[in-house]
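Quick mapping for you: the protein sequence lines, in order, are chains A and B. Start counting the first sequence at 0; every next residue gets the next number (numbering that gives the first Met the number 0). Start counting the second sequence at 0; every next residue gets the next number (numbering that gives the first Met the number 0).
Read the hints as simulated data drawn from the structure, not as lab findings. Some clues are possibly wrong.
[Said to hold, decoys possible] One-sided excerpt, in silico: chain B residues whose CB lies under 10 Å from chain A:
| id | residue |
| --- | --- |
| 1 | P166 |
| 2 | P211 |
| 3 | Y219 |
| 4 | A220 |
| 5 | R230 |
| 6 | R232 |
| 7 | A235 |
| 8 | A238 |
From a predicted model like this one, the values you see are computed outputs, not experimental measurements. Even glycine gets a Cβ: it sits at the ideal position worked out from N, Cα and C.
This is what each chain is made of:
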Amino acid sequence: MKHATLILGLVTAALGLFSLFIGSNPIPVFQALLDRLHDIPSAIAIVLTEVRLPRTLIALLAGAVLGLCGAALQGFLHNPLASPGLIGTSGGAAFGAVIALYFGFGSGLGVPLAGIAGALVATWTVYRIAGRDGDTLTLILAGVAINALLTASISLLLSLAPSPYAVQEIVVWLLGSVANHGSDDLWLMLPGALTGGLLLMRTRRALDALTLGEETAASLGVDLMRTRAQLFAGIALAMGSVVAVTGAIGFVGLVTPHLLRPLAAHRPGRLLGLSALGGAALLLAADIGVRLLQRATGASIQVGVITALLGAPFFLWLILRQRSPA
Amino acid sequence: MPPTRRLPALLLALTLSAAAETPPRRVVSINLCSDQLLLLLGEPGQIVSLSYLARDPNASALAERARAYPANHADLEELIAMQPDLVLTGAYTDSALRRALRALGYHLEALPLAHDIATIRANIRRVANWLGHPARGEALIQRLDAHLKRLAQKRFKRHPRALFYQPNGYTAGAGTLQDEALKRAGWDNLAARIGLRGYRPIDLETLLLAHPEQFFTSPYAPGTDSLAQRRLRHPALRAATGGRPMIELPYRYWLCGGPMIADAITALQQAHP
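Here chain A stands alone, though its shape is the one from the complex (with noise of 0.2 Å):
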């Protein structure tokens, strides 16, 4: 467990370096680093400081966000397929941010306040549909019907929006991109994913003890009504945040909390931590490859399909394995 979380954190390190590295042009990234010790406003210090870090930093920070979250809710619900993308939080985080974006309220916090409210509307709405311990069933089905009036309802908000390029945006805000962003959106989606993966990160014992039972977990000491308005405000200010900011990038919440699962011993509690490291590594990973296609073909798709086309396939196998009785 030791070895996994460190090595997982040098993985994750040495990603985020590598990933200076990669832009559409060939930088000198050392001599750029220097420029920028020594407060020489150079075009490579620029691209270094104001281009690539803020992409490499906003990439890590929304795979983590989506990597706890994702873990989170598969521990309180005891439910392997559910994610952040599943039941609609990423969604209604989504709507949330392009009411405020498009309709005139985008102006300092009110795009990430307003993902904020809307993941929280929209995570509840299902879990209230479904419960907690509910079959799996019932929790996918809610979370189809969410997503699906969510999508048409981003779809059409943006078709209404005034700006003329709204309407090409559509598929930013449902597949998530995050390409184009400056240090003035990290620093946006900051404090809500700190302030959410903290709390989040506090539900640990809880969730461990949740595994056996809640009459038990109550008998340690847990207050589940206190674990679940911690986990519904964590997840709705982390995952709020960062998709008013990148919009809802798919399957990372989903995948890699299967993918550390082992690493943790089965313990939710232990995943959280492995899974925000797993989620930064998967996420940028998916971004460099972004790039590097960008920078070979000169054509420029959202990190979301890379990740869904890695993630679907992952999904229906998770699916397949929990019809045939193992």
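On the provided structure of chain A, position chain B as indicated by the hints.
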């Protein structure tokens, strides 16, 4: 322009005006670019209707004057009711509408897009001839050329590197009105320098590594917001120009070629550091 070079154009103008014997009396324009030239060259009694875009101050250089005439939305029934004897259209007017009008026997003329000042002159001449006022066209061209000549007398010690940066990272390379205006205003158009032609997106890193000194932008939809428009507020852009903010110029300068290009050059000259 030397008189010898103007001669073929004059001859062309003469033949064209001979062809159009009686000037049209009910002219309807359904394109923003022909709207503006019609306003500049037509007789007020000749003009029946202009497109609704001609009234939009963001898009049209003659929005106030356009309000004196009824607006149209290029709708077939609406146009038929106006009983035009000449319909002015643009290069990208809906081809189905064009076919329908032709089939009903209406006289249509299409104004080509202008990407440089030579085409602006040719377009002025074209519209003046369609309207039966070739002399007005020549007079307008002379005024424009005199204005451009005055502007060309202004000398700049240095030609700073600049470019237009539009939502979604679009820029104006060689062969655009922006390129011609920047050059005539003493700027070095970076987009053309790095080999871009026409309106193309430019990648942010490539843009920054070209060492821009000034950004210009022409908002197409002021007061609205989107991710595309937010890209203009990327902190790297300000850092690249040493904190100098992007300069906004009205979009109406570029949407259509016309005498307003001289105003655009004036504004660009005034923007020199």
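Hints, verified against the model:
{"no.": "1", "hint": "P166", "in the structure": "5 Å, holds"}
{"no.": "2", "hint": "P211", "in the structure": "9 Å, holds"}
{"no.": "3", "hint": "Y219", "in the structure": "7 Å, holds"}
{"no.": "4", "hint": "A220", "in the structure": "5 Å, holds"}
{"no.": "5", "hint": "R230", "in the structure": "5 Å, holds"}
{"no.": "6", "hint": "R232", "in the structure": "7 Å, holds"}
{"no.": "7", "hint": "A235", "in the structure": "4 Å, holds"}
{"no.": "8", "hint": "A238", "in the structure": "5 Å, holds"}
Hint violations for this structure: none, all hints satisfied.
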